[in-house]
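Participant: For reference, the chains in residue letters:
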Amino acid sequence: MKYAYYPGCSLESTARAYDLSVRAVCRDLAVELEEIEDWNCCGASSGHCTNYRLSHALAGRNLALAEREGLDIAVACPACFLRLKSTRHEVRADARLKKELAELIDLPYEAKYDTKHLLDIICREVGMEEVGKRVEKPLTGLKLVPYYGCFLVRPPKVTQFDDPENPQSMDILMDALGAEVLDWSGKVDCCGGSISITKRDIGAKLVSEIADAARGVGAEAIVTACPLCQSNLESRQGSQALPTFYFSELIGLSFGMKEANTWFRRHLVSPVALLASHGLL
Amino acid sequence: MQFTSEQAQEIGNPAFAKRVKEISGTTLDRCYQCLTCSLGCPVNFAMDYLPNQIIRMVQLGLKEQVLKSSTIWLCATCESCVTRCPNEVDVLRVMDTLREMALREGVKGKETVIPIFHETFLGSIRQWGRQHELSMLLLLKLKTRDIFGDLGLGVKMLLKGNLKLLPPRVKGSKDVKAIFEKTKGEI
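Taken in sequence, the protein lines are chains A and B.
Reminder that position 204 of the first sequence reads as 204 in the numbering used here, one-by-one numbering, no gaps.
If you want the numbering used here, it's the 1-based position in the second sequence plus 1000.
For reference, chain A alone in the conformation it holds in the complex:
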């Protein structure tokens, strides 16, 4: 199984632990990730919020570079995921945009290959049976709530992944790793995204509502697939904050990977005491 890998900007900086754990876990699961050579930023929300053509051109350059390799794209960041998916979706529906895009990026792009999120790849392509076989250290007793946020599941006509209101993939995955998965109401709520940078009061309110919902069902930690959700949840909760894991970190931990410690050291809310209390470190 081989994919063109698009890490995205966050995974090179604020979400370094996500990148490291994704690469380690994929190596173990025989998912080959070939990084797209010379990829650029997808433009994220600022792109589509302020300039339609720029947004598609920034995403389109990456899509065109990956198409040369003849591979589907694997993405870890849901914001990048939705930007790449959107551009392909619109190019396939709009011949004029397709022509214009080729001129803007000065590269041919036929929209042949799909973009998939790594959670999707691990859940549906690798499958729970394979994942289950590799678990050496089940996450027994760890009470988790899976947090999906926005762009992994919305809008469903573009993301084509899981249920937009009550997704299950991460629940099933965490269950396969041996964790105690709790049902809760905050699964697809929004953390505010970049609004936490410009409007800290709004960001803090949204994050505390999510954290309160998690605590309300007895969660000890949150697990996510998004670098911005992770960083907002760990930086805006205030005192007694719940640690927030990337799903890939927990896969690696349950696989008995020694380097998991180095990922956890990068967290703003240290999960070390919690993991130690369950005998997982």
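What the hints contain is simulated information worked out from the structure, not anything from laboratory work.
Computed list of lysine-lysine pairs in DSSO-like fashion (alpha-carbon distance at most 30 Å, straight line):
| id | chain 1 | residue 1 | chain 2 | residue 2 |
| --- | --- | --- | --- | --- |
| 1 | A | 98 | B | 1184 |
| 2 | A | 116 | B | 1171 |
| 3 | A | 98 | B | 1174 |
| 4 | B | 1021 | A | 157 |
| 5 | A | 99 | A | 112 |
| 6 | A | 99 | B | 1182 |
| 7 | B | 1182 | A | 98 |
| 8 | B | 1164 | A | 2 |
| 9 | B | 1160 | A | 205 |
| 10 | B | 1021 | A | 99 |
Knowing the structure of chain A, use the given hints to seat chain B on it.
Facilitator: Relative to the frame of chain A, chain B by itself:
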């Protein structure tokens, strides 16, 4: 907000409504004001007009109020409204269109910081090809005169090795600059 059709013709700008529909490619006339978009909006408490009101105001051609509203900038682009609208009105695409129109027409609205954030964020991509968070955030602080906010958080991120000191290197950064140049013009 209630307007009769006579009032709308008096106060509104029909060309604006037509233009928003054209650019967004969205059939916003299908909106029957069920409020699903606004009830599920995570930022509704902070907006000056609710998303359903913005849709109505666009239909009525209330260009100035719409483009100056804080709503278009506070929208967190979470896609909830798009996903839940029973009439498949792409509210987010309408918001994107309104933001782009406001910027291109130089409209100074109630919300000033968020447009500066987008400009600074994109400026970093234009310069480096990828986002360089550290220089982008420092520049944003200077532009918005918010030197001390989140300073502790920034230092913590740096110490944890979660902010890169040096900007990224992209060989095709000139291709990215060319994309910015080519998309500067009309919508």
